[in-house]
Amino acid sequence: MTQSFRLESGGLINRDKKISFKFNGKNYYGYEGDTLASALIANGVHLIGRSFKYHRPRGFFGAGVDEPYAIVQLYRNGETEPNIKATEQELFEGLEAKSVNCWPSVNFDVGAINNFLKIFLPAGFYYKTFMWPKSFWYKIYEPFIRRAAGLGTASIKHDKERYEHKYEYCDVLITGSGPSGLASAYSAAKNGAKVILAEDKSRFGGTLLTSEVNIGNQSGKEWADSIISVLKEMPNVTVKNRSQVFGYYDHNMLVMSERISDHLPKTKKFHPKQRLWYIRAKEVLISSGSIERPIVFGNNDTPGVMLSSAAKEYMKVYGVLVGKKPLVFTNNDSGYETAIEFKKNGIDPIILDTRKEPQSEIIEEAKNMNINIKNSYVVVAAQGYKKVKSADIAKISDNKEELGSIENIECDCICVSGFWTPTIHLASQSGNKTKFNEDIDAFVPGISKQNEKTLGAANGIYTLEETLKDSFEKGNQLSKKITNNENKVSFPNVVEKKSTVHDKFWCVPLPKGKNYKRFLDFQNDVAVSDIEIALKEGYRSIEHVKRYTTLGMATDQGKTSNLNGLQLVSKIENKVVPAVGHTTFRPPYSPVSIGAIVGREVGKHSKPTRKSPMHSWHEKNNAVFVDAGVWLRPRYYKRGEENLFEASKREAKNVRTNVGVCDVTTLGKIDIKGPDAAELLNRVYTNAWLKLPVGKARYGVMLREDGIVMDDGTTTRISENHYHMTTTTAQAANVLSHLEYYLQLVWPELNVNVVSTTEQWAGAAVAGPKSREVLKKLFPNSDVSNEGLPFMGYMEADLFGVKAKIFRISFSGELAYEVNVESDNGYFMWEKIIEAGEEFGIQPYGTEALSTLRIEMGHVAGSELDGRTIPYDNSLEGLLNKKKDFIGKRSLSRKAFAAEDRQKIVGVVPLDKKTSIPEGSHLVKDSNAPLPNPKLGYISASCWSVEHDNPFSLAILKDGKNMIGEKLFVMSPLKNKVIPVEIVSSHYVDPKGERVRS
Amino acid sequence: MLHIKCPHCGMRSQNEFSYGGDATVKRPELGKEISDQDWDNFVYNRKSLRGKHWELWQHLSGCRQWIKVQRDTATHEIFKTLKANEEIS
Chain A
188 MTQSFRLESG GLINRDKKIS FKFNGKNYYG YEGDTLASAL IANGVHLIGR SFKYHRPRGF
248 FGAGVDEPYA IVQLYRNGET EPNIKATEQE LFEGLEAKSV NCWPSVNFDV GAINNFLKIF
308 LPAGFYYKTF MWPKSFWYKI YEPFIRRAAG LGTASIKHDK ERYEHKYEYC DVLITGSGPS
368 GLASAYSAAK NGAKVILAED KSRFGGTLLT SEVNIGNQSG KEWADSIISV LKEMPNVTVK
428 NRSQVFGYYD HNMLVMSERI SDHLPKTKKF HPKQRLWYIR AKEVLISSGS IERPIVFGNN
488 DTPGVMLSSA AKEYMKVYGV LVGKKPLVFT NNDSGYETAI EFKKNGIDPI ILDTRKEPQS
548 EIIEEAKNMN INIKNSYVVV AAQGYKKVKS ADIAKISDNK EELGSIENIE CDCICVSGFW
608 TPTIHLASQS GNKTKFNEDI DAFVPGISKQ NEKTLGAANG IYTLEETLKD SFEKGNQLSK
668 KITNNENKVS FPNVVEKKST VHDKFWCVPL PKGKNYKRFL DFQNDVAVSD IEIALKEGYR
728 SIEHVKRYTT LGMATDQGKT SNLNGLQLVS KIENKVVPAV GHTTFRPPYS PVSIGAIVGR
788 EVGKHSKPTR KSPMHSWHEK NNAVFVDAGV WLRPRYYKRG EENLFEASKR EAKNVRTNVG
848 VCDVTTLGKI DIKGPDAAEL LNRVYTNAWL KLPVGKARYG VMLREDGIVM DDGTTTRISE
908 NHYHMTTTTA QAANVLSHLE YYLQLVWPEL NVNVVSTTEQ WAGAAVAGPK SREVLKKLFP
968 NSDVSNEGLP FMGYMEADLF GVKAKIFRIS FSGELAYEVN VESDNGYFMW EKIIEAGEEF
1028 GIQPYGTEAL STLRIEMGHV AGSELDGRTI PYDNSLEGLL NKKKDFIGKR SLSRKAFAAE
1088 DRQKIVGVVP LDKKTSIPEG SHLVKDSNAP LPNPKLGYIS ASCWSVEHDN PFSLAILKDG
1148 KNMIGEKLFV MSPLKNKVIP VEIVSSHYVD PKGERVRS
Chain B
1265 MLHIKCPHCG MRSQNEFSYG GDATVKRPEL GKEISDQDWD NFVYNRKSLR GKHWELWQHL
1325 SGCRQWIKVQ RDTATHEIFK TLKANEEIS
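So the sequence lines, in the order shown, correspond to chains A and B. Each residue of the first sequence is one higher than the last, beginning at 188 in this note's numbering. Each residue of the second sequence is one higher than the last, beginning at 1265 in this note's numbering.
Calculated from the structure, these hints are not laboratory results. Among the clues, some could well be false.
[Claimed, not checked] Partial list, derived from the structure: chain A residues whose beta carbon lies under 8 Å from chain B:
hint : residue
1    : Y436
2    : H438
3    : M440
4    : K512
5    : K668
6    : N671
7    : N674
8    : F678
9    : E866
10   : R870
11   : V933
12   : P935
13   : E936
14   : N1068
15   : D1072
Where is the CB? At the ideal position from N, CA and C, for every residue including glycine.
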């Protein structure tokens, strides 16, 4: 296809470089420097998608970030991305894009039937219709709505691109490189301030690229280019294009997304696709400019209706005509500039001006060029379905309420200008109290909350000279404050054409007998009639109207719709616009890729894996691993065709009969030193610690202040003022913070230091009746006999030249030892244990066997210490010292915690001794009781008892103390199981605890 | 993201800190008789203040010190930070 709407010359594109691309399967050509939008328009393509609700044909409305509906699905380098604005996507060789929101195709869309049913799709339609029958929601309504609506399809593949985060600090951050951004950046930089200048588009200069002005004897564009090249050379300045500051957060932190590779066919090697900048700025200058406002009229969403500033930008920047028979519909002088540009390119436009007799330099110029100007005229409705074919126009009365007779004139595009709306999103996000400016019918920033100032058009200043003066001045003042330097820059001579006041006209009345849709919000299909209905139904607050009608929502955030919506509400409500107020502007200003937000924290980078020093041994010996927090622990060691159940049974059995070894490196370890260490432990743990002798370990339980068990573990007195504390794997970090809290804030008088040593020590638990034999071989020079190293004893010993710590403690309930060596020697220790244990039948065991052993022993762990239980519930009340106070003690005397029938840990065995009991099941008295069946307790942990060879579970049961011997039912509705069970003691094996002392 | 001045390390980003609740709550002395009501006030009852509030933060990924921060809960403005052993004035 030929580019029949491309001008012979002009624009900032590179005509030497042709670029091929595909849209909806068809091949086209454009030039380097085009956007997808400009290239499509050059090829005469205006039908780009379907609207959100009514599936009406949609074309282009803007030329950049203001675009509400030219949203496409992009295909690039084997990946796909939704929600891409065609007006922002730069063209690259091989680009492929497709329309969204249409089925089966953009030309023939079944959903367009909604357009003819629109009387049934009023505001709040979804709320009203899909309420009943309730059962239809998940199966019918929601899937249908999801398929029919939406702005594209997210890829379900892993995103192979790389995204980076960067943290930056600067003196002055300037958002936008139009005249105000350039001037303020220049004067701030001259004063030596550290400046970041961010430009959303690929080209710097903003409106200077499209306006007919002269600065210091240069064209606007030449001046912009020269300032940018000076700034780029300055070491204190960072200049970034394709970078949008999209959010203004607390404490002057702003976030900017830099699109590094989106304009390339493929991301370069070692380059990220996008980079997110977290910028802390001392001062922020918002120079985000303004967006042209539409005028509301019938069928104003027809492809070919667009902002007049966009039409001008397509001509001046891209050398593209949006139409060859243009109609310019305006209430101010901006429309004339567009018309003049058409005329200069040999096209005859017609101007419809709502004003009666406006006079200005610009209007004079248009008249001198013989442009057809119709004053007091409006467009009543656009005609044409997939593209504008003609317009119904009429004269409008001076009070703007009566239409004259309707005439139909042929045209192929309608360029609309309803004056300008400052882009105050960033200022508003910062907490700035905006105020309404009557002169421009728009909100402008008011009182600042953070260190920000708004410049130029974003502040409602629409003349270049005033903008530049103000911006040079602000840049100078703010930077001077920071750097104490002042290098004043001389103010250039500015030539611009003078314009006159605009007409406060924004909505064309409906002609008699017609009910054209007049759209306010193009992205969300919100028309004048929708707002009218919402107000009729009693919605008053603008925030409620927004949510009920979806006005100003989604990715568009009301860029073009906001003010017209407010005008309408204030008119119906008979209020002034500032009384209605505006809705909250929320970040991001425009959509940000999820990938950019996540950055490098994907896959294993989001949760780094911790491995013990023995990890490679486990790998070599067929360990199957399980995640334990961020740690990887062996769950079981697979032999032959064994499954989890068989392997864990074998491993646990071997501990009960011979000896096993388990990697316990992951246990939290805290080194505690200081003369008051014993006193700290005595306050933190529930039992007594002051008399623990050196060389002895003790089991302890710590509570939160509310009496709930926080953690348990053993702590060993290494020497007079030195203790070694162990915590559970999961609570290690919390316990350290807990100790630091009390030491720093509550009892600063205690002279104690705590530090985590979890990673400094590798640990192995050697457990089983034959464990002492293994220890004897490992430590031939130490006395590890029952007398030399009794239960809860501790000694330091030599492990073939390596210093080792031996703790005689047991989680399995067997005779057991935990051997610790410095992490670097962990692998060596492990190999030595395996070697020494060989003749005694040693086997490594994983967390599954570990669980089995502790469950049948009735030892509590994380599933019982779950943040809901007190010591009594876990049969740990024997550890509550009556003589001393400790953290959480006072809470235990609260009524519920001292209740006679308080829940308590029990053992549960199925009557048939065969059926496994699912963890989390409920215990009930009567399995046939009507629902809700009163729950007496819950199963906290289940195993297959290797000692008794039948299933065994632990449960937390109401009045557990008096329930031993009772017959109850376990119910698991999830697994559809009802199991008759008997309640037994939680100590199912060796209830007297003889083995650990043997 | 807040910018918090750690009295030990200087201005640091919020993601290095963890929040620790009301800094004005005093733990009752150990071993001292206390009524149910007073104990409940210490453990559970907190005012959800709008406005200036002294709160605890721990510089978890920094010096690990607990600090006191005076912050406006509505505007997030931070007025003052203190070391753990400095009294709120």
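Do the hints match the structure? See the list:
no.	hint	result
1	Y436	6 Å, holds
2	H438	4 Å, holds
3	M440	5 Å, holds
4	K512	53 Å, violated
5	K668	19 Å, violated
6	N671	21 Å, violated
7	N674	29 Å, violated
8	F678	36 Å, violated
9	E866	10 Å, violated
10	R870	7 Å, holds
11	V933	5 Å, holds
12	P935	6 Å, holds
13	E936	10 Å, violated
14	N1068	12 Å, violated
15	D1072	4 Å, holds
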